[in-house]
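There are 2 protein chains.
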Amino acid sequence: MNRQWLYAKQPVGKIGKDTFQWHEGPIPAPRDGEVLVQTRLLSLDPANRAWMMGKTYRDALEPGQVMSGFAIGEVVDSKSPELAKGDIVEGDWGWQDYAALPARRLTKRTTNATLELLIGPLSVTGLTAYFGLLEVGQPKPGDTVLVSAAAGAVGSMVGQIAKLTGCRVIGTAGGADKCAWLTRELGFDAAVDYKAGGVRRAISQAAPDGIDVYFDNTGGPVLDAALTLMNLRGRIVCCGNVSQYDVDKPAPGPMGVPGLVVVKRLRLEGFIVTDFSDRRAEAETRLARWIADGQIKAELDIFDGLERAPEALIGLFEGNNRGKRAVRV
Amino acid sequence: MNRQWLYAKQPVGKIGKDTFQWHEGPIPAPRDGEVLVQTRLLSLDPANRAWMMGKTYRDALEPGQVMSGFAIGEVVDSKSPELAKGDIVEGDWGWQDYAALPARRLTKRTTNATLELLIGPLSVTGLTAYFGLLEVGQPKPGDTVLVSAAAGAVGSMVGQIAKLTGCRVIGTAGGADKCAWLTRELGFDAAVDYKAGGVRRAISQAAPDGIDVYFDNTGGPVLDAALTLMNLRGRIVCCGNVSQYDVDKPAPGPMGVPGLVVVKRLRLEGFIVTDFSDRRAEAETRLARWIADGQIKAELDIFDGLERAPEALIGLFEGNNRGKRAVRV
Numbered sequence: 080m081n082r083q084w085l086y087a088k089q090p091v092g093k094i095g096k097d098t099f100q101w102h103e104g105p106i107p108a109p110r111d112g113e114v115l116v117q118t119r120l121l122s123l124d125p126a127n128r129a130w131m132m133g134k135t136y137r138d139a140l141e142p143g144q145v146m147s148g149f150a151i152g153e154v155v156d157s158k159s160p161e162l163a164k165g166d167i168v169e170g171d172w173g174w175q176d177y178a179a180l181p182a183r184r185l186t187k188r189t190t191n192a193t194l195e196l197l198i199g200p201l202s203v204t205g206l207t208a209y210f211g212l213l214e215v216g217q218p219k220p221g222d223t224v225l226v227s228a229a230a231g232a233v234g235s236m237v238g239q240i241a242k243l244t245g246c247r248v249i250g251t252a253g254g255a256d257k258c259a260w261l262t263r264e265l266g267f268d269a270a271v272d273y274k275a276g277g278v279r280r281a282i283s284q285a286a287p288d289g290i291d292v293y294f295d296n297t298g299g300p301v302l303d304a305a306l307t308l309m310n311l312r313g314r315i316v317c318c319g320n321v322s323q324y325d326v327d328k329p330a331p332g333p334m335g336v337p338g339l340v341v342v343k344r345l346r347l348e349g350f351i352v353t354d355f356s357d358r359r360a361e362a363e364t365r366l367a368r369w370i371a372d373g374q375i376k377a378e379l380d381i382f383d384g385l386e387r388a389p390e391a392l393i394g395l396f397e398g399n400n401r402g403k404r405a406v407r408v
Numbered sequence: 080m081n082r083q084w085l086y087a088k089q090p091v092g093k094i095g096k097d098t099f100q101w102h103e104g105p106i107p108a109p110r111d112g113e114v115l116v117q118t119r120l121l122s123l124d125p126a127n128r129a130w131m132m133g134k135t136y137r138d139a140l141e142p143g144q145v146m147s148g149f150a151i152g153e154v155v156d157s158k159s160p161e162l163a164k165g166d167i168v169e170g171d172w173g174w175q176d177y178a179a180l181p182a183r184r185l186t187k188r189t190t191n192a193t194l195e196l197l198i199g200p201l202s203v204t205g206l207t208a209y210f211g212l213l214e215v216g217q218p219k220p221g222d223t224v225l226v227s228a229a230a231g232a233v234g235s236m237v238g239q240i241a242k243l244t245g246c247r248v249i250g251t252a253g254g255a256d257k258c259a260w261l262t263r264e265l266g267f268d269a270a271v272d273y274k275a276g277g278v279r280r281a282i283s284q285a286a287p288d289g290i291d292v293y294f295d296n297t298g299g300p301v302l303d304a305a306l307t308l309m310n311l312r313g314r315i316v317c318c319g320n321v322s323q324y325d326v327d328k329p330a331p332g333p334m335g336v337p338g339l340v341v342v343k344r345l346r347l348e349g350f351i352v353t354d355f356s357d358r359r360a361e362a363e364t365r366l367a368r369w370i371a372d373g374q375i376k377a378e379l380d381i382f383d384g385l386e387r388a389p390e391a392l393i394g395l396f397e398g399n400n401r402g403k404r405a406v407r408v
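Read top to bottom, the protein sequences are chains A and B. Numbering of the first sequence is given in this note's numbering, commencing with residue 80 and proceeding in unit increments. Numbering of the second sequence is given in this note's numbering, commencing with residue 80 and proceeding in unit increments.
One thing to keep in mind: the hints can contain errors.
As the list claims (entries may be wrong) - Pulled a few chain A residues facing chain B out of the computed Cβ check, cut under 10 Å:
1) Leu302
2) Gly319
3) Pro331
4) Lys343
5) Arg344
As the list claims (entries may be wrong) - Each pair of labels, with its calculated beta carbon distance range:
6) Asp256(A) <-> Ala330(B): 47 to 57 Å
7) Asp288(B) <-> Pro160(A): 32 to 42 Å
8) Gly266(A) <-> Lys96(B): 54 to 64 Å
Unchecked claim - Negatives, chain A to chain B, calculated, CB over 12 Å:
9) Gln144
10) Lys164
11) Ala269
Please keep in mind that the hints were generated in silico from the structure rather than gathered at the bench. No residue lacks a Cβ here, since even glycine has one placed at the ideal position from N, Cα and C.
Here chain A stands alone, though its shape is the one from the complex (with noise of 0.2 Å):
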């Protein structure tokens, strides 16, 4: 039996269970040059909330589809040439225990990490820090870098590449006790709560010499303060706007742009992982390497059983996760 999970509705406001629908159905067979393959795990993302809201970086979904979203697994039958059975690939084949695809479509993972590393830090969640942050970013030793969301599975590779770059790092997380893992286990020089409210004085008081580096994955207040807080020249790395996926209307826009970004000569750049494809076997490496010498601490937030991925998900936008989330299946 094939258990999934399919998109039910697009929601209004928040995401609720009401927006998945449990569905059985027949194991597919693959066809040739496809692969038949059993998800291991499944990445959960802000991102798959934004898809629901209409065309990103990939068509909006459909009510009624599988719910997509990124996975690891094995293939378990093989009608390609290039995968065999006990391959261990990753691919968009979204929430369900099995999936026919054409091999073209997965990337078959030859590292010797776990299946917990490869869903994340070793994948698109470390990939997206690694080339966002050092790329898109160009921190540079000394610089202060701020980073939102920052307890969470980006962020928190984020602010720990920024320490190796050797920069002061200060991240915002809701509440005290994530702020307190960023500063105690991650090594951020500082950590502001931003539901404590206030969060513009805060990071000024955390930042006294401005900031150049400016990781957003939230959009929102934070994006708002950290504008009036860059240096001249700074450089914003749009990653993720989580701050306005999961409500009913979204908040205006930043009021520094475009003024601050003028007057300040600021950069702000959006990017997707996929834009560095060709490189990543170089970022793999050495993010592997430093997760193995404990220098990038990957921290990971598994829920167990498929029935549980809505409530997981749902759990990312109350802010419930530390470091990254993913559903064993």
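Dock chain B against chain A, hints included.
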């Protein structure tokens, strides 16, 4: 006698004649290392208004000071070995007949061009258009370039340089007359009257293949519209925010930031012309040749008499200029 316009008080809402105060005093005497310069032409720029609002890339104007502004003048007395009587110089000595100031704060102009060309098309205005478009915007032949305030001093040159680069060029301007001027006289491919309403739809119709480079002089509704129409990896050159300079209460920021910046991998980048001062000679040479060859029309919009300076600046925000506005003193 030295006639001056002082900056009298910070405007609330729109600037008016009471923003300025007429003053007459003695002609100053240059000290050692200084020269006495007699103003010939004053440059009127939207930035003059922005300087009243607070610290920008320079300190805010202080009530009681001579109104600041870029100017062209002639050295009429010199106590510096660097400049001699009769030299034509440019600098920021403001709205007055005469100023005594250190020679190092002036730039000697050696080109054979007329003073009218030196006040803008071959100086700050032209260089802003040149470096902003070519260096920050990075247009390629075949790209679609949108420029706002296209009938203004900078915008009219941006559009013409973009045409010389092989781009399709669309300008926004206020009123049918200015729009007709852009397409008939300056060679724009299309012009959109932002005062006629439906600006997003009109730009969309003029740019069926989307926008690759948006040169933003205005912020406001044209920036909002442009963000939704940008192509993947489009560049937005943040040059000015003139729609927000002369208002009581600034409008909310652009809704497409940061969401569309991420999804389309846009780059928004601010700059100030002095960032490129080491390459000024190269740019001036090319601009002078284009103007001499008739490939760029440098429209001048000159008011006669220092007494008319406030009227000339106020008019800029009513959009009654075409090309470079200056005051002949």
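The hints, checked one at a time:
1. Leu302: holds, 6 Å
2. Gly319: Holds: closest Cβ of chain B sits about 6 Å from glycine 319(A), inside 10 Å.
3. Pro331: It holds, given that the least Cβ distance between proline 331(A) and chain B is near 3 Å, below 10 Å.
4. Lys343: This interface hint holds because 7 Å falls under the 10 Å limit.
5. Arg344: Given a least distance of 5 Å, the restraint on arginine 344(A) holds.
6. Asp256(A) <-> Ala330(B): 47 to 57 Å: At 39 Å between Cβs, range violated.
7. Asp288(B) <-> Pro160(A): 32 to 42 Å: holds, 40 Å
8. Gly266(A) <-> Lys96(B): 54 to 64 Å: Check passed, 59 Å falls within 54 to 64 Å.
9. Gln144: holds, 20 Å
10. Lys164: At roughly 38 Å from the nearest Cβ of chain B, lysine 164(A) sits farther out than 12 Å, so the non-interface label holds.
11. Ala269: Alanine 269(A) clear of chain B: closest Cβ-Cβ about 23 Å, beyond 12 Å.
In summary, the structure is inconsistent with hint 6 from the numbered list given earlier, while agreeing with all the others.
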